[in-house]
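Please put together the full structure from these sequences, using the hints given.
Residues per chain are reported as follows:
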Amino acid sequence: MASTEIARQAGEGARAVPLAGHVGFDSMPDQLVNKSVNHGFCFNILCVGETGLGKSTLMDTLFNTKFEGEPTQHNQPGVTLKSNTYELQESNVRLKLTVVNTVGFGDQINKEDSYKSIVEFIDAQFEAYLQEELKIKRTLHSYHDTRIHACLYFIAPTGHSLKSLDLVTMKKLDSKVNIIPIVAKSDAISKSELAKFKIKITSELVSNGVQIYQFPTDDESVAEINSTMNSHLPFAVVGSTEEVKIGNKMVKARQYPWGTVQVENENHCDFVKLREMLIRVNMEDLREQTHTRHYELYRRCKLEEMGFKDTDPDSKPFSLQETYEAKRNEFMGELQKKEEEMRQMFVQRVKEKEAELKEAEKELHEKFDRLKKLHQDEKKKLEDKKKSLDDELNMFKQKKTAAELLQNQAQQAGGSTTLKRDKERKN
Amino acid sequence: MIERPETVVPSIAQRNLEGYVGFANLPNQVYRKSVKRGFEFTLMVVGESGLGKSTLINSLFLTDLYSKDYPGPSQRIKKTVQVEQSKVLIKEGGVQLTLTIVDTPGFGDAVDNSNCWQPVINYIDSKCEDFLNAESRVNRRSMPDNRVHCCLYFIAPSGHGLKPLDIEFMKRLHDKVNVIPLIAKADTLTPEECQLFKKQIMKEIQEHKIKIYEFPDTEDDEDNKLIRKIKEKMPLAVVGSNVVIEVNGKKVRGRQYPWGVAEVENGEHCDFTVLRNMLIRTHMQDLKDVTNNVHYENYRSKKLAAVTCNGVDNTKTKGQLTKSPLAQMEEERREHVMKMKKMEAEMEQVFEMKVKEKKQKLKDSEAELERRHEQMKRNLEAQYKELEEKRRVYEDEKVNWEAQQRILEQQKLDASKTMEKNKKKGKIF
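Listed in order, the protein sequences are those of chains A and B. When the letters of the first sequence are read in order and numbered with the UniProt record's numbering, they come out as residues 1 to 427. When the letters of the second sequence are read in order and numbered with the UniProt record's numbering, they come out as residues 1 to 429.
Source of the hints: derived by calculation from the structure; they are not laboratory data. Misleading hints may appear alongside valid ones.
Claimed, not checked - Pairs of lysine to any residue, SDA-like flavour, derived with a Cα cap of 20 Å:
{"no.": "1", "chain 1": "A", "residue 1": "137", "chain 2": "B", "residue 2": "130"}
{"no.": "2", "chain 1": "A", "residue 1": "337", "chain 2": "B", "residue 2": "330"}
{"no.": "3", "chain 1": "A", "residue 1": "338", "chain 2": "B", "residue 2": "333"}
{"no.": "4", "chain 1": "B", "residue 1": "421", "chain 2": "B", "residue 2": "409"}
{"no.": "5", "chain 1": "A", "residue 1": "163", "chain 2": "A", "residue 2": "117"}
{"no.": "6", "chain 1": "A", "residue 1": "273", "chain 2": "B", "residue 2": "28"}
What the hints assert, rightly or not - Pair by pair, the computed Cβ-Cβ distance ranges are:
{"no.": "7", "chain 1": "A", "residue 1": "369", "chain 2": "B", "residue 2": "403", "range": "46 to 54 Å"}
{"no.": "8", "chain 1": "A", "residue 1": "370", "chain 2": "B", "residue 2": "339", "range": "45 to 53 Å"}
{"no.": "9", "chain 1": "A", "residue 1": "35", "chain 2": "B", "residue 2": "143", "range": "16 to 24 Å"}
{"no.": "10", "chain 1": "B", "residue 1": "19", "chain 2": "A", "residue 2": "224", "range": "25 to 33 Å"}
Where is the CB? At the ideal position from N, CA and C, for every residue including glycine.
Below is the structure:
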């Protein structure tokens with residue numbers, strides 16, 4: 001036990017006291033292990049690599065079983081990710097293994113967006129976990145963790161250097177997942193070429209700032225083997241599910257006219273090293289790194305994006321309740337504001353329309369006022385005409401009456417004259 | 001019964017291994033890492049003073065947690081209920097344990113003990129709150145787990161039954177922490193009395209529906225048998241001692257009486273060994289798990305539900321609790337947007353209708369005015385026509401009359417002319 005650990009803990013206010021006998025809490029790790037075994041383990045591997053590099057075969061070889069899938073063609077329009085989950089059991093340990101394959105990686109003419117679907121997939125798994133973690137009523141204990149714990153990056157055995165697609169993709173993935181680069185189909189490279197290839201790859205990765213997964217060296221029991229293995233990265237592997245008889249044993253191998261490449265022969269390839277490191281020694285560490293490093297980074301970025309902070313402007317730490325309440329108030333305020341705005345807008349429109357209609361009404365009234373006035377004028381004219389006619393009529397009547405009177409008089413006079421004449425005549 | 005979370009295993013394809021793979025080593029990896037990390041455990045002891053709590057702790061952990069240099073709370077006189085914690089670091093077999101003992105001096109010692117459980121509840125809640133805040137930070141570092149994993153409740157060995165305070169305390173705390181009731185100072189009870197006492201206590205616990213810590217059933221039948229045996233012994237009757245006495249050549253911890261020695265670790269004398277085995281050697285991890293998965297989650301969901309619903313609406317359906325507060329806000333936002341849209345549509349509708357109405361009115365009034373105007377015009381025209389007619393009649397009459405007059409005039413003129421002529425002709429007599 002590192003003395004620094006004790007010092008740290010003691011420094012936290014705990015004083016170290018001696019025990020006068022066997023208490024029994026040294027069974028704690030066993031208790032923990034028993035619970036884990038009962039609960040079962042889960043591990044998720046992502047295989048990234050061009051079509052035809054032997055990803056599926058390697059998975060079958062690694063886990064000594066036949067997983068799903070037929071070989072894919074090269075005509076995929078984009079990169080899709082297919083994931084399959086299997087339940088495996090070895091002795092009393094149950095493992096829920098999810099194998100995710102990139103289908104169509106590197107097959108397109110324009111590969112600029114190839115990495116995007118992979119990054120989205122990884123982020124989606126983080127997001128699902130984050131959502132579960134943020135729920136009010138959550139069941140983390142029984143949650144099926146789908147986050148990618150290890151990413152095996154298959155490098156084509158060209159013998160020269162990394163392809164630019166490889167560099168770009170790995171750079172995008174190194175902060176999100178534990179990358180373990182492997183040289184695929186390494187039986188196509190001779191030993192000397194392989195050594196040079198590995199050096200080239202490592203230096204390219206370093207010069208491009210790609211962070212690949214390093215096997216941990218802080219635990220004494222595995223530090224040595226891990227550091228040795230770190231120097232053998234990237235592992236050059238060969239996969240095969242076919243068995244060939246070598247001596248009197250059946251071994252997994254690939255048979256060529258010039259010889260047989262034995263998968264589990266450490267002189268032939270690094271398959272055994274990969275299996276040791278990936279599964280037997282560091283599986284738990286890969287899971288832990290994913291949770292404490294990659295997931296935390298994702299979570300931090302996501303929460304910051306959503307506007308969460310740990311301290312307010314006065315550097316006093318926020319309690320969760322305060323944060324949520326603040327957010328909620330902000331949110332409600334926003335909603336209310338929106339409502340107000342809409343209402344205001346309507347009030348405005350109503351006002352405008354009213355004004356418009358009033359204008360129209362006014363115009364109408366004016367028009368009719370004008371018409372009325374016109375009408376009044378006409379009426380007046382008519383009245384005048386009527387009056388003048390009446391006057392004329394009266395005058396005429398008077399004239400007529402006067403004339404008639406005269407006539408009557410004349411007639412009478414004439415009549416008397418005539419009478420007189422007649423009388424005179426008679427006489 | 002404390003509800004344990006169900007582990008749901010969906011149907012997934014099974015595959016058989018045809019050879020060595022190596023993940024059977026995973027447990028070892030987990031073992032290694034856990035030893036490296038070290039362990040923590042917080043144990044709370046509650047009971048009236050003088051029940052031997054401190055002694056029991058010392059006996060359990062075979063150490064002088066409370067000693068001359070660090071006197072236990074019982075040595076200090078308290079007026080009110082305090083909650084005090086002591087942290088020690090103990091190592092055994094390469095395994096490091098940070099043990100926190102939480103003591104509650106003054107509990108049940110006052111004359112009026114109403115609410116003496118409140119400081120205890122406050123303490124437990126505050127530790128959960130600390131953990132919740134630590135867990136919810138944006139930048140999370142290693143979160144120390146200071147939550148109370150187990151609460152040993154000491155029952156005075158009256159032999160009769162639970163006191164009202166006991167019942168009240170356990171009822172209030174069984175939802176917040178794993179409660180393990182113990183009969184303290186069991187060496188004052190004979191085995192028969194102890195049996196009766198235990199039965200009585202369990203009966204009362206069931207009556208009051210108190211959920212004490214339950215041992216989980218395992219898949220192993222052997223283990224299950226043992227567990228059932230332990231369950232039958234609940235609540236455990238314990239005796240504690242710091243003094244080592246020699247009995248039959250063996251050095252044992254015990255209490256020396258004139259009539260003999262009550263051995264702490266003798267299973268026939270008391271259940272101390274059972275308690276120690278269960279608490280430390282077999283179920284320590286389970287206590288932590290239940291605290292994390294059940295009690296803490298309870299606290300958390302209550303706390304977050306209060307924040308989201310602002311404690312206003314208590315009729316929220318269970319479905320809404322399966323979201324995070326943020327997702328809830330998102331949904332509320334969407335709901336609100338829809339509500340706004342609807343409101344907008346409605347307002348728009350009302351607006352349009354009103355406008356139409358007004359326009360119609362305007363049209364109507366325009367039509368009315370037009371009509372009236374037309375009528376007046378026609379009226380006027382009629383009058384004009386009438387006038388014209390009148391004038392025409394008058395003109396005609398005038399012309400006629402004037403014509404007549406002229407004829408008359410002419411006649412008259414002719415007549416006078418004739419007369420003149422006649423006069424001139426001398427027809428005048």
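Checked hints:
| no. | hint | result |
| --- | --- | --- |
| 1 | A:137 / B:130 | 19 Å, holds |
| 2 | A:337 / B:330 | 17 Å, holds |
| 3 | A:338 / B:333 | 11 Å, holds |
| 4 | B:421 / B:409 | 18 Å, holds |
| 5 | A:163 / A:117 | 19 Å, holds |
| 6 | A:273 / B:28 | 19 Å, holds |
| 7 | A:369 / B:403: 46 to 54 Å | 50 Å, holds |
| 8 | A:370 / B:339: 45 to 53 Å | 50 Å, holds |
| 9 | A:35 / B:143: 16 to 24 Å | 20 Å, holds |
| 10 | B:19 / A:224: 25 to 33 Å | 27 Å, holds |
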